[in-house]
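**Q** Sequence:
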Amino acid sequence: MSYQQFAYYYDRLMQDAPYEKWIDFLERTADCKAARILDIGCGTGAVSIRLAEKGFDVTAVDLSEDMLAMAREKAENQKLNVRFFHQDMRELDGLGVHDIAVIFCDSLNYLLSEEDVYQTFQSIYNHLHMDGKLLFDVHSLYKIHHIFSGNTFGSNEEHLSYIWQCFDGELPDSIEHELSFFVQKDGAYYERFDEIHIQRTFSIETYEHLLQKAGFVVERVTADFLETPPDHQSERLFFVAKKAEKPSF
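Our numbering puts the first residue of the sequence shown at 2, with every later residue one more than the last.
Derived from the structure by calculation, the hints contain no laboratory data. Incorrect hints may appear among the rest.
[What the hints assert, rightly or not] Have a look at the derived ranges for each label pair, beta carbon to beta carbon:
#1 H198 to Y20: 37 to 47 Å
#2 D89 to D169: 21 to 31 Å
#3 Y10 to N78: 17 to 27 Å
#4 G97 to D195: 35 to 45 Å
#5 A70 to I197: 15 to 25 Å
[Claimed, not checked] Straight-line Cα separation of at most 25 Å, DMTMM-like style, residue types lysine to aspartate or glutamate; simulated pairs:
#6 K80 to D58
#7 K80 to D67
#8 K214 to D89
#9 K80 to E66
#10 K55 to D25
#11 K214 to E115
#12 K75 to E28
#13 K214 to D174
#14 K75 to E159
#15 K55 to E92
#16 K75 to D58
#17 K214 to D132
Where is the CB? At the ideal position from N, CA and C, for every residue including glycine.
Could you put the whole structure together from the sequences, leaning on the hints where they help?
**A** Printed below as a string of structure tokens:
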């Protein structure tokens, strides 16, 4: 699933997102000295640009060409050298080898099958140095079933309003986000557009199994930007995995 019209309003709607917390998580978790970082599911470049500002060598990919266009424009305006590529995270190709790969802001939850997640981990494995780190976050099962399911969210800002309804998806542990946006045009009428986004999550044990199957060693799992292990009401899960030698059979 890639963002379409939503891409043009994403930064306004996400202006309060805790991007600095994702950066802090990266810096305290991995050895970032002179690191080459691969930012997967980069969106409009919020994380990529912050990393480039800190002097990291950043390559970024996303499935949405609209998102990438905005990311490139922001990087160019700030005279930052970030390489942006239009690629599917399941089929990364020709991006070079990196020290760290990140998938932040629950981008991995747009993959709707275990096979897709496994293919993504394999794809990332091939783009990391040995002992390179993969860091990502996902929605917890608790968040899918108790925070999203059946709930409606909304915002009524000047020139832009939205209604965000959440419904149980057809797949187990999935959620359908039905988004309706109302954008003021020419200071008078409002234009409406709608999008549907589907996300799915899996258990901690499933993610760990798929990481190990792809050749990673899981170093730690924490929750909600903290250093503590997840509990039954954690909303966002953070994984740190290291590329290891694949066993030969």
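**Q** Honestly, which of those hints from before does the structure not fit?
**A** 1 and 15
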